[in-house]
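Letter by letter, the chains look like this.
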Amino acid sequence: MNGSFLLTLIWAVPFLTALISLPVDRDDHRRIKKISLAGNLINLLLVIGLTFAFISAEAEHPAAAGAKLSQFHFTGKTVWLQMLNIEYNIGVDAISVLMMLLTAIVIFCGVLASWNVEKQAKEFFVLLNVLVAGVYGVFISLDLFTFFVFYEIAVLPMYLLIGLWGTGRKEYSAMKLTLMLVAGSAFIFAGILGLYFESGVNSFDIQKLAQATFPTEFQYWAFPIIFLGFGVLGAIFPFHTWSPDGHASAPTAVSMLHAGVLMKLGGYGCLRVGMYLLPEGANMWMSFFLVLVTINVLYGAFGAIKQTDLKYITAYSSVSHCGMVLFGFTALTFAGIKGGVLQMISHGLMTALFFCLIGMIYGRTHTRTVSEMGGLMKVMPFLSVAYVIVGLAGLGLPGLSGFVAEANVFVGAFANPAPLYRFCTVLAVLSIVVTAVYVLRAVNGLVNGPISDHYKTLTDASLIEKIPVTILLFCLFAMGILPGWIVELVNGAVHPIYNNLMR
Amino acid sequence: MKLLLPDILLVLLAALIMGYDLYRGKVNLTSTAPFHFAWLGLCAIFVVLLRLPYDQTVLYPGGYLVSGTSLLFKQVFVLSALFTVLLSGSYFTPGGNKRGTLRHRSEFLTIILLCTFGMFTVVSATDLLTLFIGIELSAIPLYILSGFYKEDALSLEASTKYMMMGAISTALMLFGMSFLYGAAGSVTFEALAKFCAANPDEPLLRLGVLFVLAAIGFKLTVFPFHMWAPDVYDGAPTPVTAFISVSSKAVAVAFLLALLYGPLAALHSQLQPVILILAAATMTVGNLGALKQERLRRFMAYSSIAQAGYIIMAFSGAADLARSSIIFYLFVYAASNYAIFFILAAIGRDGDEQRSGLQGLGKNNPVLAAVLMLTAFSLAGIPPLAGFMGKFFLFAAAAKQGYYAMVVFAALNSTVSLYYYLLLVKEAYIIEPETERKPLALDGVQFISLVLLTAAMLLAGILPSISGGILAVAG
Chain A
1 MNGSFLLTLI
11 WAVPFLTALI
21 SLPVDRDDHR
31 RIKKISLAGN
41 LINLLLVIGL
51 TFAFISAEAE
61 HPAAAGAKLS
71 QFHFTGKTVW
81 LQMLNIEYNI
91 GVDAISVLMM
101 LLTAIVIFCG
111 VLASWNVEKQ
121 AKEFFVLLNV
131 LVAGVYGVFI
141 SLDLFTFFVF
151 YEIAVLPMYL
161 LIGLWGTGRK
171 EYSAMKLTLM
181 LVAGSAFIFA
191 GILGLYFESG
201 VNSFDIQKLA
211 QATFPTEFQY
221 WAFPIIFLGF
231 GVLGAIFPFH
241 TWSPDGHASA
251 PTAVSMLHAG
261 VLMKLGGYGC
271 LRVGMYLLPE
281 GANMWMSFFL
291 VLVTINVLYG
301 AFGAIKQTDL
311 KYITAYSSVS
321 HCGMVLFGFT
331 ALTFAGIKGG
341 VLQMISHGLM
351 TALFFCLIGM
361 IYGRTHTRTV
371 SEMGGLMKVM
381 PFLSVAYVIV
391 GLAGLGLPGL
401 SGFVAEANVF
411 VGAFANPAPL
421 YRFCTVLAVL
431 SIVVTAVYVL
441 RAVNGLVNGP
451 ISDHYKTLTD
461 ASLIEKIPVT
471 ILLFCLFAMG
481 ILPGWIVELV
491 NGAVHPIYNN
501 LMR
Chain B
1 MKLLLPDILL
11 VLLAALIMGY
21 DLYRGKVNLT
31 STAPFHFAWL
41 GLCAIFVVLL
51 RLPYDQTVLY
61 PGGYLVSGTS
71 LLFKQVFVLS
81 ALFTVLLSGS
91 YFTPGGNKRG
101 TLRHRSEFLT
111 IILLCTFGMF
121 TVVSATDLLT
131 LFIGIELSAI
141 PLYILSGFYK
151 EDALSLEAST
161 KYMMMGAIST
171 ALMLFGMSFL
181 YGAAGSVTFE
191 ALAKFCAANP
201 DEPLLRLGVL
211 FVLAAIGFKL
221 TVFPFHMWAP
231 DVYDGAPTPV
241 TAFISVSSKA
251 VAVAFLLALL
261 YGPLAALHSQ
271 LQPVILILAA
281 ATMTVGNLGA
291 LKQERLRRFM
301 AYSSIAQAGY
311 IIMAFSGAAD
321 LARSSIIFYL
331 FVYAASNYAI
341 FFILAAIGRD
351 GDEQRSGLQG
361 LGKNNPVLAA
371 VLMLTAFSLA
381 GIPPLAGFMG
391 KFFLFAAAAK
401 QGYYAMVVFA
411 ALNSTVSLYY
421 YLLLVKEAYI
431 IEPETERKPL
441 ALDGVQFISL
451 VLLTAAMLLA
461 GILPSISGGI
471 LAVAG
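Protein sequence lines, in the order shown, are assigned to chains A and B. Here our numbering is used: the first residue of the first sequence is 1, the next is one more, and so on. Here our numbering is used: the first residue of the second sequence is 1, the next is one more, and so on.
Keep in mind that the hints were calculated from the coordinates and are not lab data. Fair warning: this is a prediction, and the values are worked out from it, not measured in the lab. It is possible that some hints are incorrect.
[Said to hold, decoys possible] Far from chain B, by Cβ distances over 10 Å, these chain A residues were calculated:
#1 V149
#2 G194
#3 P483
[Said to hold, decoys possible] Heads up, simulated DSS-like pairs for lysine-lysine below, C-alpha to C-alpha not over 25 Å straight-line:
#4 K292(B) <-> K34(A)
#5 K466(A) <-> K378(A)
#6 K119(A) <-> K292(B)
#7 K119(A) <-> K466(A)
#8 K466(A) <-> K34(A)
#9 K292(B) <-> K176(A)
Cβ coordinates follow ideal geometry from the N, Cα and C atoms, glycine included.
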């Protein structure tokens, strides 16, 4: 199959899935869920196929060691709008492929985890699939305009998904999340227009723009607005406030997808658009952003200690862990950027599993407050064990995915000799201790201790709930024990970005 | 002569409808025949317009110009008139609207058509006098139309207020034009352009431009001349509100395009800072004003003030990009606005045209709710809808001049607007109505119109190249 066609197919499948479920009878929930599951299963297989094809393509055409230009495979382009040279221009490098793989796994598990959605199931799955189509679209776009269009498609359905199917202060959270993210897009939008008009190449093509030299004063103002614009979605301090409310209010699958994948769009954009296209600006501004993301890492961790609601704990830990993604990027070392990318994948899997488990536990206990639970190990051993494992992944236990990523991030950051970097790295490493505190406290409160009477009749996970948990656990272990092939792939993609930054 | 066919047909159509009414006498006030004449005629004129060549510029004796740009504007005007006619259908039907039934359908239609002819004159003018006559021809009918609920105090108030404001604007415009004439010694665009190019620093010119801009600011609801809009939009019958919000704004835009990139082109660089300040103030005032509005017509007034702000921003751009982006945006804006007003007409049958009237729409009529959501997103400028493409071009026009700070400001403004457009979506989907709502059914005309408008919003957003005409001709 033609590579670029495969890429188009990958975002078209969820979109078609959404279209196909439109004419289905509103009350036939099972059929709607089955269509959605089938669509995303097909897509999972397509993405796995893409990953293998990509590995062999990479083996056939290895990138030159000193290359400053990212090497994309399966490229293809069609003119979309002549007037401003807007193209539908697609292609993938290792980072995009791995992020697509993550997306496919998380959404597949997400559909299974939302098997119990009964309220307006049709609208729920239609919106979910549209959102996923947008996410895939972002990862394959090599044209900034197309990129932006998909980016917005991925952000907007969130409003209804949280507002309609959420819990707690859902309307407030949904509005806050949407407006903050769209305000971020406003900056990105101006930045993209700037890139177009200042480059002199009159194109939105990322590869062409990477070769253009931008005036220093342009980079000086454009880099921070682009980095911050994407950073909002990556929950950069002080624009992280949408994240705890949003994730806590969202329904299970949406939390999984949002924390697992959507927040990574922010990091991906920072890397692909901000740092890759504006290297000079990155060098000028990075120590400023380093301070911000160090606050992120620490503040998220300390914030999580204070929380009593499981979802809030996980949401704050996401702020901390997503901070680590950007922390790796701001380190401006090879290992740091690599670590950031690995952390995107690791955190995606981990937080998806966290939210998945919390959703299932909440479905049984009808509370998310840690102090009201206890002894769940006795009645739901499967879910409890899974929760313990993912907790350990969260605090970076070797053998699980978190360790691989965090080790790279911190080693990379420490490798930058500037005193400020050393200082911030030491501070950020401390967050691991804090993480251990909140993770272990939550685990302890949840699974140990006496069980209250009204929980004694609760049941363990059903088969359909065990599938997503097992898949995600498997991925956590796989990445922790055999990180070699992923690291190899990421190396190939990070080299050109790093070389470009150091030119 | 071929190029004048639309103008001629339009006048004949107006005469036909007026004549039909006279011929039939008073016997049949409820007859729907004029309605059918009007929409069929307008469709025919639109088809004629589409078939005319864009690449010819012909100057008819007496200074009547037909060019690609003017043909595109005529398309906007004809489409706008067509949808107003279609929208007015349920307002003339007894029981079609809770606020009351409009009467005298033929008069209504004739006035709409004659007003549209006035707009045709504006885009064909080559001298200040024709321009002025065109603007007046298009303005005076609107004063009558806004008072078309003849027993409704709000409607009459709207009409009076609109007329007063319009009179002031007319006075200012004539005053300004007299300065321009005094400076250049002629009213033709040609002579004016020559004079401006030779003496760009002439104080008389600046004074004249200032007054003319202020006058057109009324029509375009530019801050600080926007105050009348909420009251007039709210008081006028909904079809008239829709017509004012689209056609009247489009004609003001045409007027500005004709002047700023025509005779006053030499002053453009001096005017850019003024344009940017006005744009920033207008969009901010519109967006902040819309936040608290419960009454949807008022809400649309503020929303369209904000939209005018984005359009004005593009006037800071270079001629080609500004012209094509602004005309493209007018089409997009017209489609989105009419979609909202058709939804208003649908909920206005049994309920109030208020935001709370939308409650339960998601369950009551999922298709209409989906259209509302798409329209709201289009107005807010969310891809892949037409509104996004339109805004993208407008912003690009400003960005090309290096006004990035303005682009950021406008984009943030558009985030604020997303808030209140999302309130509509929230009302339709999330909030449960307190009392059970009657099932909401669309009549055939409303259904077909909404399908057409939604298709236009999606197509112009996803495949903007199909409107290649607009983007290429004007550019």
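Verification of the hints:
Listed as outside the interface, V149(A) is inconsistent with that label: its C-beta sits roughly 4 Å from the nearest C-beta of chain B, within the 10 Å cut-off. Its beta-carbon lying about 6 Å from the closest one in chain B, G194(A) breaks the requirement of being farther than 10 Å from that chain. The beta carbon of P483(A) sits about 37 Å from the closest Cβ of chain B, which is more than 10 Å, so the claim that it is off the interface holds. Of the pairs offered as hints, the one joining K292(B) and K34(A) is violated, with about 43 Å between alpha carbons and a cut-off of 25 Å exceeded.
Under the criterion of a C-alpha separation no larger than 25 Å, the hint pairing K466(A) with K378(A) is consistent with the structure, at around 17 Å. Distance hint between K119(A) and K292(B) is unfulfilled; the C-alpha atoms sit about 31 Å from each other, more than 25 Å. Our distance criterion of 25 Å between C-alpha atoms is met by K119(A) and K466(A), whose separation comes to about 23 Å. A threshold of 25 Å between alpha carbons decides the hint, and for K466(A) with K34(A) the separation of about 17 Å falls inside it, so the pair holds.
With a C-alpha separation of about 17 Å, the suggested pairing of K292(B) with K176(A) holds against the 25 Å cut-off.
Taken one by one, the earlier hints fail for this structure at numbers 1, 2, 4 and 6, listed in ascending order.
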